[in-house]
Every structure is written in C-alpha cells, then in structure tokens.
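Taken in sequence, the protein lines are chains A and B. Counting in the numbering used here, the first sequence tops out at residue 1065, every number present. Counting in the numbering used here, the second sequence tops out at residue 465, every number present.
Treat the hints loosely; a few may be bogus.
To be verified - Computed footprint of chain A on chain B; a stretch qualifies when at least three of its residues, placed anywhere within it, have a C-beta under 8 Å from a C-beta of chain A:
#1 108 to 122
#2 231 to 242
#3 283 to 293
#4 317 to 325
#5 360 to 369
#6 411 to 420
It should be emphasised that the hints constitute simulated quantities derived from the structure, not laboratory data. Computed from a predicted model, the values in this text were never measured in an experiment. Glycine included, each C-beta is placed from N, C-alpha and C at the ideal position.
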Amino acid sequence: MTDFPVVPSLHSETNLILDKKLSVRVERLKHQIEHAAHYLPAQGPITVFVHHNTLHAFEEMSFDGGVQTGGELFGCHPYLPEEKYRQYLEEDRIRTVDLEAVLLDDLGEEADRLVASFGTRYALRLAMLQSPLHSGSSAELKWVIAETDALRKFRDDVFPDVRDRLIAETRHWVMRDFRNGNLKQNQNQNQGTQYLIERVFKQFNKKNIESWSNKIWEEFVLRFLFQVCHHGFLLAEEEKEEQAENQNVLNHVQRHRDLLFQATGEDSDLLVHDLLIRFCSAFLDQGFGDWELPNREAGFYQSFIQLYDKPYAAPSSWLRKLSREVHRLNQSEMGALESIDESLRLLRVSEEEQESFITQTLLALQGWAGMVWQMETNAEWAIHPAPAESLIEFLAIRLILDRLAISYVARNVLWFDCSLQTLRPTLLANIHEEDSQSADRQIFTLFQLAQIRGWKPEDLQQLTQEQWRTLLQEIGDFSELERRRIYHLAYEHKYRNATLDAVIAHSKSNVSKRNQASNTKTNSRPAYQLVCCIDDREESFRRHLEEVAPECETFGIAGFYGVAMYYRGALDAYFKPLCPVSIKPQHYIVEAPLYSQVQAEQRRSEARRRIGRMTHQTHRGTRTFLGGLITGLFGSLAAFPLVARVLFPRATSHIRDYFGSIVSPPSTELHTERTEKEPGVDVGHIGYTIEEMADIVEAGMRALGLGEPALISDLIIICGHGSSSVNNPHESAYNCGACSGGRGGPNARVFSQMANDLRIRQMLLERNLVIPKETIFVGGYHNTCDDSMTWYDLDNVPVSHRPLFERAKSQIDAAKARSAHERCRRFESAELSISFEEALEHVEERSEDLSQARPEYNHATNGLCFVGHRDWSRGLFLDRRAFLTSYTPSQDDAQGTILEQMLRAVIPVCAGINLEYYFSTVDVEGYGCGSKLPHNITSLLGVMSGAASDLRPGLSLQMIEIHEPMRILFVIETTPQVMQRIIENNPSIKKIVEGNWVQLALFDAESLQIHRYVRGEFILYQPEVTEIPAVNSSLDWYRGWRDHLGFASIHETEKTITSSETISS
Amino acid sequence: MTPETFFTFFGICVVASPAILLALFGLTALLGISLSERSLAWLTLASVLFGLLSSLAILGMMIATGTRHVPVEIGNWVVIPEQHFHFHLKFIFDRLSVPFAILTFVLCGTIGAFTTKYLHREPGYRRFFLFYAIFLLGMIVSTLAGTIETLFFGWEFVGLSSALLVAYFHERPNPVRNGLRVWSVYRIADASFLIAALALHHLTGAGDFDGLMGAGAWPKGHTTISESHALFVGLFLLVAVAGKSALIPFSGWLPRAMEGPTPSSAVFYGSLSVHLGAFLLLRVSPILEVSPLLSAAVILLGLSSALLGTLMARVQTDIKSALAFASLTQVGIIVAEIGFGLRYIALIHIVGHACLRTLQLLRSPSLLHDYHSMENAIGSHLSHAPTFWERIVPSSFRAWLYRFSVERGYLDTILDEYILRPFVFFFKWSDRMERRWTNFLSGKEPPDKNLSSMTKTSTSLEELL
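Produce the entire structure from the sequences given, and follow the hints as far as they go.
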C-alpha cells in the first residue's frame, strides 16, 4: 500500500463532472483558508510594531466569550491563573467586598437560589472563591490523602467554631445512634449510613469510644465526612444519563498529529517545522541572507517544489520521500489548491470538519503563517512583499509535509504500516480518557467544601440522589474557568472603584480650590501651555511640570497632531508614515538642510554614505571566508568597544555621539508648503496647501479646547514623543502609538510651523478662530526612554519671547528629571534613595546599555483613559497609568461632534494597547513572545525564541512583568445621551463598548456624578469612599515605593518645590 | 620572593579564583542559602578580576625574567601504585596558555558584567551564574593544564556547563532537546579524548605533556613518540577536536546551541568553547610535526569545515545561526592553520576572532537597528550585487547548492540516519526481545504491543481509606 497514490482521474479529460466538482471544492477551500487566516496573529514586521487587540478576530463576541473561545482555540489562558488571583486575595489586591459585589452582580436573580438545603448559590460560590480548594491530578490527590493530614485535621481556613460544632454534633449523633450498631431497623436510609460508619469504625478502636480524645474525634469526623462525600458522589453518578460525555470534547477537530502525539508521545510536527521554519524564513527574508531563495518570485509553492525536486536528495528516508512526492507534483503540474484538496482527501478529512481542520493546521505554526498572510495582504511597502495566495501555497506545502511526516512517524514508532486514511480512527480507538480523574477531583472538592461550609455528615447522608446531583452540578458549574472570570471581575472592581472614588473626591477638592482662587484672582491666563500626546507615559511628565510650574497648563491629544504624513528626515533614506495605522497619509513632508548649508551637507552625506558602505561591507565580510579571516586576525581590536560598551555604556555613547556629530547634518528646515495641485513625492508636490494647513491647525486648536483667544497663552509648546534603546528588536513598540510606531517629533514640528504661519492665522480668523498675535508655537520631542528633550527651530523664537521660553525650558528640564525619578522607583536596579540628577543619568544609561532588557516599561500598568478637561484631573496622582485626552465639553456642540471625532481614534487605539498588554500578560508564552533573553531576529521581520521556533508576536516577559491585566477604564466627561449617540453611530466603538472589551464611565464635572456603563445602560455610581489622601508633592507620595500606588491629591503650593529640592540636593 | 615562589603563588591564584567562585556558588546553592543578585554579581566580578590580575602578574614576571615555561605542580591527587596510576595536577604557564587564560578572563568578565544586568529579575539568575562558574573553572583548568588528565578534567567541566546552558530555558522543549544533542556530541568527543589519553599513558607512561612533547617550551617542543603512534593518538584527538569545535561532521550542533540567553551563546559557542578544540590541537601540536599524514588530516578537516561553514552562513536568515556558521568558518580556518604549522597565527586568529564574535553576538538584537542606520547612511536599500561566484555558477547548480546549504550539508541528517537510528533500532529490538523472553519465562500473555503504554491502571481514592 502506498501512502500517496497518484491521483490520475483528476486530470483526465473525460471526467468533466469530477473536474467541475473540483472547481467548486477549490472555491470553497479558498474561502475557508481566508476565513481561517483571520485567526492568525495580525502583527506585521516587527520594525513597525503597532499595538492591537490580540483577539481582534473575536471582537464580535463579548469579552468573556471572546477570551474563552479564543483561549480554547489557541490553547492559551483566558485570565490569569487561579493561584495568581488567590495570591492577590491574600495581598488584599482583591478584597472580599469586591468578590461579594461582583458575584452578586453576576448572579443577579439566581443569587438566592437554594442549593440542596445547604444555603444559597451565592454563599456556596463565595466560599469556593474565598478558600483555595485544593485540586490536582488523581495521583496528586491520592498522595494528599495518604501522606498528609487531610483526613486528620480540618483545613486551616475552617473557622474554629465551625469545626468545633461539626465535631461536637457528629459526636453526639454517633454516640446516640450508631455506637452499638443497634439502630432502629425501619429507617431505610440509615442502613447505608450504618454501613459507611462501620467502615470508618474499623480504623478506630471502637471499644473505648467513650474516652476518645478530641483529636481522635476530629479524625473520625473527617474520615466519615469523606466517606459520606464519596458515597454521595457514587449515588449521584448512578444511572446517570450519558449527558456529560460531550463536555470535554473540544469544539475543534484534532489533527492527525495531535492524536499521534497523544498515542505515542512522538511529535510529527518536529520534522515538519524543522524544515518549514527554515523555508518560510528564507521565503520571507527581507534581505538578511546573502543568497536569495532560488525561484522566490515564482511563489511559495513553486519555489518549494523547485527546490526539493532537485537530484541528489538528502540521505534520509523521510527527505527522500519528500523528494519523490515533490517530483510527482511537479510532473503532474498540480496547483496549490488542488494539492490541498488532494491532501485533505488522502488524510480523509470530511467536508464538515474541513474548515476547522484547515484552521488547526494553519495555527500549528501560527507565527509564520500569520507573517506570510501579513506580507501577502498588508505589506506592499516592504522590500519583498509576498505574492498573492502565498498563504494558500503555504498550506499546500504544509499539508504535504504533514502527510509524509505522519506516515513516517507512524511507521517508525507504532511499528505498523498504517495508511493515512485509517490512521485517525485507529488512533482514536486506542486513546482512552481516564475518567476517574474527574471523579477524584469532584469528591475531594466536595469534601473540602463540606469542611469550610460546615456541612454535617448527618445532614449530608440524608440527601437524596436528586439532591446530590444538584449539589455536584452546582459545584461543577462553578468551574475553574468561571471562578477565574469572577476573580478577574473582582480584580477590576477594586481598581475601578478606587479610580472613580478618586476622581470624585479629587475634583471636589479642585472645585473648592478653584472657587477660592477665582475670588482672589481674576486673570487666570496661563504663562505657557504644553501639549503632549495622550500617552500614559506623559502623565507623570505633565503632572510634574504642573507641580514645578503651577502657572502653566498642559494638554493631551493624539500625538500625530492631526498631521498625517509620510515623512523623510534629513538622515533618512525613505519616507515613513507618521500617523495612526487606520489613516493612509496623502501628503509628504521632507526635512532638508538649511538652504545656505546645502553644500556642507552634501559633503557630510557623502562621508556618511562611505561610512555606511564600509560598515555594511564589514558587517557582511566578517561572516565570509576571506573577510572573516582578515577581520579575525585584527579582531582583537574589537575587545575595546566590547569592554567599553558593556562596562561604561553612557560614556561610550557620549563618545560615539561626538564622532557621529561630525557627519550629521547641520541645521535643517521642513518643506511643508505645496505649490502643485496634487500631493506627491516630487519637488513641488511635497507638503500641504495653506488651506489644508489651516484645516489641521483649526482641528487641533478646537480639539484642545483653545477656541477662544482668552484661553491661549503666549507660548504653546507642542511635544511629540518616541523612544530610543539599543539591542532591542521591539524598539518600535516603544514609540508613539499614534504615529504607527514612529517617533512623533516631526509631527509636533510641522504643527508648530503651521500654527506660527501668519497666513494661516489670517485664514483662521475668517473661521472664527483667533490665535493672538503674541502667541508663538514651539515644537519639541520628548524621548520617553532617556527623558531627554529636543527642541525644533529655536532660531525662530522672537527675542521678545526668549525669556519666557527660557523659563519654560528650565521648568520642563526640572519636570523631566522628576519624571525620570518617578520612573526609577519601578526599576529595581535603581536605588530608591536616588536623586533627581542621578535618576536622569540612570535612565540615560538604560537607553544606551546593550545589556539592558528593560530600557523602559513602555505602556505597562496602563489601565485608565481620561477624556475631559484637565481641571478635574490636574493634581491627581495617577501613577503613569492613565491616557489623558483633553476635551472641553463647553467648546463642543450639543451633539458632541468634537468628542465623537476624538473617541473614534482614542477608544480603539487605547483599547488596542490595553488589550495587547492584557493578553500578553495573562499568557506570555501563548499570546506574548516569551522571554526576551533568547530572542533571535530572523528575516529582518520578527523574532524567534532560540535557534529556530515559530515567530513570536506579542509582548515579551520583560515588557509586561509589572503590568496589571485589566480592561481599560474610560472616564469621559460627557452626558449619557451624547455617549449613547456616539456608541450607536460608530460601529468600531459600539463593538468594543457593547462587548465589554473596555470599561466605560461618564463624569459630570458640575454635579460630580459618575455614570457607569453596565449592560447597555448608564447607572449612577455610588462612591465607596469620599476622601483620598492629600500630599504636598508627587515625590512625597511615591518616595520609597516600588509597587503600584493608589491615588492621591497633590496640592500645588510653593512649598512643593522647595521641599522636593532639598531632597534632590 | 624568588621568581619560583612568585610563580607558584600567582599560578595557584589564577586557578584558585574560579575554583573558589564555583565552591561558593555551589555550596550556597547546596545549603539552600540564596545569594542576592548583587552579591552574585560582585563575587563574579571579584573572582574574574583577581584571576585576571594574577595572570597579568605572571605574564609580567615571565617577560621580566625571560622565562618561557613555568610549571606549577599541585601534586598527585590519586595514586594507585598497583595500577601504576596517578592523577597528577599540574599547570603550565607558557606562550600558549597565558594569552588564552587572559582572553578567557577578559571575555568571561565582560560577559559576567553584561549578564548581571541582562538576566536581572530572571528566575534562573543563580543557576546561570553557577553554570558560569563551572564554565570559567573548566576553561582555566583546560587552558593551563599540564597533563592530559587535567586537561580532560577542565574539558568535561566546559562540556557540562555548555550543555546545561543550552538547556537553560528548560520549560520549553526545544532548548532541552538541543541541549541533549550538544551533550551527546560532547560525549562522543569525550570518549575519543579519553581513548587518546589512555593511549598516551600507555605510550609514555604518564599523561604529562612534557613526556609527550619533549622538554622544549611551547611551541618548540619535540615529541618523543613514533610517527605511527602519533597518528593513532592524533586521530582520536582529532575526533575530540571535531566534536568540541563543531567541525565536520558534528557542525550541526553549533546553531542549535543558540537556545540559551544571548550572552551565554556569545561566550560559549561564539568565542571560547568553540575554540577549545583548536586549543587542544595547539597544545599537542608537536605530534602533528612528526606525522605529515596527521597534519594533512587536520588541514583537510579544517578547510572542509570552513568551506561548509561559509556556504551555510550564506543562506542563513536569522542572525544567530548566521553568526554560528561564520564562527565555524573561522574555526575551520584556524584548525587548518594549525595543520600548516602556523601556530602563532592561529593563536592570534583565535584571540581576534573570539573578541569580534563576542561583540557581534552580544549586539545581535541590534540587527534591525543597524540595518536601519546603514540604509539611512547609504540612502537606499542594502543591495546585494551578484558576486563573482554567482555570475559563474550555473543557476541550477546554485539552486542545488542552496538546498544543500539550507539543509546544513545534511550533516545532522546523516548522523541521525546512520548512527542514531541503528542505535535506537538496536536498543528497541533488544527491549522487545527482553520482554518476549521474560514473558516466556513467566508464562504470561504479552500485553497489547503498541499502544499499551497509553492506558494506565489507576486505583480509586476509596482504596486508600
């Protein structure tokens, strides 16, 4: 019997009907593969890392449905592990009140339902949540029973009075009814009890029962209790219909490999992946390998076939078979889809299971399959995008390899020749699930619960079969998964309530302060204004600036500042998009050296080019024969940079910067104004028209709530952000999310330049937007890793404004040092006693250190997003956990048009970041990319773990280690009516909000009331507490703490500054 | 202080500092005392610095006194007179071992400093430094070894720590699998080494290199054994060298060893461990002189490994494998150099290559960043102009060569197919025969043959009561 019969009938001319059927099948296949592709990771090349919901494919479902279905499909955790929540329970990160509240809410009407005369469902579930019920494999439980005190002593968490009562009452009962074995015969039910109790008596010395000590009684009660539970379980199981049978059956089809693996422990995927990973990385390579894959342009399928249909194949039987099979396919000129169809039939995959089977097959190497799909559909900008239908061809090859590997393994390990057609049934028949596992677990759970809840054996043994069933059903219904779901809700509940309480309490104190202030001062025009990205990392920067400079005002809007562009810096080779991924930019902006310095720049760029070429030559040369020989002989010189960079990273980087500055471009300018009609990359087509610029500035000013001249100060600083780190493949994930993982400095610079343009201001006047003459805009760039600040076009700051700018600059410098200081509390390698200056040096060193796996913590710990006026959140310590979006309801219309515009970007972007962190945290190996330490960059596209593995999308262990996985809580300053309308009108928002992928609360800054979104309605929130701690400065609140911190009000007083300065010196 | 006591004192210091480090890490781990990250880092640094300074002191004194050969005896540790066996601990400081020891200290020190930060908060932090201490001691001992037993002792330590470090992330199956593979190859190399050592004992009556190489200081020694004996011992040593330095046919393990944290890949496979085979050849180089046939074998092995390495490096698409094969190329060339008798060149080549490769491996996660800056500097995508070879080789042969390289020269496949498989097959066959025999003796029915392991019998909880 051969494993892969040639299928001649497929192409015979006479068999037209079959051919027609084939075309139908092929169409369906195409459709199914496309559908399956949606479950693949959606992360593209790592160089443009964009945060998005890892379970994007399940967004149509609710959050809980999505994480559970997705978790099952991908074999990943939907929530944190139960032990983790238990630990939080012990640490009081989850309180009992939280559990009670969410459980009551979750059960609703069902809470008071009585369970077999043992209290309510609510009480039972609460007990199961509060006390860690031990569970494990049968072997483990047996060990617990045989070797520990489980049957001798009550659990530690049983209340003493419950225990004593249980012992006393059972003792009375036993002494009264069973001591002599002369029980009244008519009590039918007690016969069983008699039998059970006699069994227990056997292990005790019944003769002197009167003089048993308390200890013996305790053991007796427990042993008896166990017997009763065991008996009850058996009773309930008796004559039970076979309904539970399907419970454990997976919703998806099992691949041949899975069954083979279960049966033999041999993994046929090892063979397949070893080869396929190498081939995929060669096929997708973006220019790392010195030799390109031959025939790559012919597509995945053809290049594979051509490569392996070469003579002199490998000297192993499995590769020889592959060669033969590939040769057959090559000869028969079979296409990829037909080959899939053939493989499926050879594997005997029925039509019903076909789609699920295809999904499972693609998911077996999901990282690479996902990357093939991304490069095929979403990467036209890349150097080597994959041709259309690459994923289909990938699947075709994969199935061919699967077939061969399975029959190879089956033959080698099972010692019998088994045709692929009958393999699955044969294996299925031989795999027996052990059902005693679940029985033991249920009995032990019952036993533990009986102790905790104080169920007397006397009462238990009176239960009818029906009641036992109800009880067991009830316990079974509250499975581990359900418990984790509730724990998770409680986990979110605590933080949510603390946040909402803090918002109310803090804005109350802010209101009273403002009232006082308005009595004394009338003119409250701020000295200057700072506009940042909404990013959570800018929260501390803004807060500290407000503390340092109470006379300034800060704002947050999406960090591309409405300038959606392709940008090419003076040092860049290409244009890259700087705007959210959802927008496709139309305009191009170029940074160029100042006109007067063009010649100087030409010399420098020539020098740069030479250095670049030389570096590239060396880079490649060290890996070749002769080049390697030469560089090897002089390689001892490498010892100097090696030692210097590892031991003195900061000093080395200063030296490198110094030499780098010799060839870096001189002062530059932006080309922003377009003269031709159509935007494009050519001269004249670059930039925006005046009209378009005015649109951008207007939209920005209105979003900031600066529609009136009285609100605008003399100096507005627009500040983009990004991050720089070394030895970090995920570097782009640390950049601005609103700039597609790029650095947002240029956007700030472009915006400032536009807003400074008098022609544009003139045009805005006509649109009823007045920017005062004396106002100037300055662009800046904040590096969130080393907390440095770069300023743009300072030459254009008029002399009149320079003192003000100088003041702002020094205050901003102070604020960023403090922000760095606050960040350092999170880094264990920074001492808690560090000063501001040392903190700044510490973060600078982190960004330059090759050995630093955590240059910064990025968005870790994010959990909040405030949309509203800064008035009510100013001075509230948010611990760098909140995205802050500025919005002034009074400047908006009654419909909330500006808000709607804003939320369209803010909700999906923040939810994407938050959910990516959520999933990477709850399962860092499954959804995340595991530990960063063994990462290996491949094909210039992504990372593998170690020498060869699946591509690893997601976030690394080092990025998420301090994150608290919670759905983001939006606190939006608006009314339920407006929000209701926005939800209805925007499908992208509606999906996320109604599916509970985010939490939503609305804040009314006048009445200080909060409405929470609960199942489609806005419900008034009742605060738990009305006061939050008040401190003089952020420093006073965070000093000495490493862990997450609660909320606090910070009073802005002159004293703040002096008190902190004494510490810094 | 006379030069002799000076040498003895500092010589012992060089060996003692890593030994004390290992003892400290090992004993604290054994006694359940958990050292903090900081104290582990501090101890490592102190030990390496002390060892480095001691070896520099010896170097200085050697230059000052013009001595070229300093033996440091620590005496016989095991003596079995009836068997004429003694385990003799002796270290030699000469032109070969001193530079190599200094290189070891510099690279290990740098890696140590790197790792203290890189592995911060990692659960296996202590474990890593324990392996690191084993490795350091192994390297120093085998570098300075004056007898073949001492060299073997260090060689084993290096092998053990390397295999454990490949399997450092033992919660995933791949590192463990690859660690096991590295370990198996090392065992073959070790077995061959041991046979060579025994043969040497037999031939010269002692494992002392002095007996083997004559009294001259390295590289001037002249061996006393005959040509055929040299060839015999040399070929066994060559297998050991091939295993340790990943030469043909063992090259397959080198990229697989890239499973550990980046710094361990850097120091162990990129720089130090992989050169240990070449070092052994340098140490016994006098026997190459007496046997032209052996020299030819060394040259052939070196050049073919280098050629294969450079081919395979061409097609790799991930940075660590590419660097691994690039290392193989250079190690192959170094081995060939030794075969040609260019000993100083080989030593310089080793030192240079080790430093360069360590830097490259440590920087390997910067690859994307580097490509980006190079592209920006050049102002266009990095193009690969077709090289001379690509133009003259016909495309169908190129495709064949590509597959040959992508499949890594089929080296692993051949080992699996022709060495591993017959072994496994034989043992499985023996297992079945044994079971059949016991069944026959006990008169029992054979259990269902294939899938019997799947069904487990289990006792109910009740039986325990």
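Hints and how they fare:
1. 108 to 122: holds (count 11)
2. 231 to 242: violated (count 0)
3. 283 to 293: violated (count 0)
4. 317 to 325: Holds: 8 residues of the segment 317 to 325 of chain B have a Cβ under 8 Å from chain A.
5. 360 to 369: Contact hint for the segment 360 to 369 of chain B vs chain A: holds, 9 residues under 8 Å.
6. 411 to 420: That given contact holds, which follows from 5 residues of the segment 411 to 420 of chain B lying within Cβ reach (below 8 Å) of chain A.
Of the numbered hints stated above, those contradicted by the structure are hints 2, 3, listed in ascending order.
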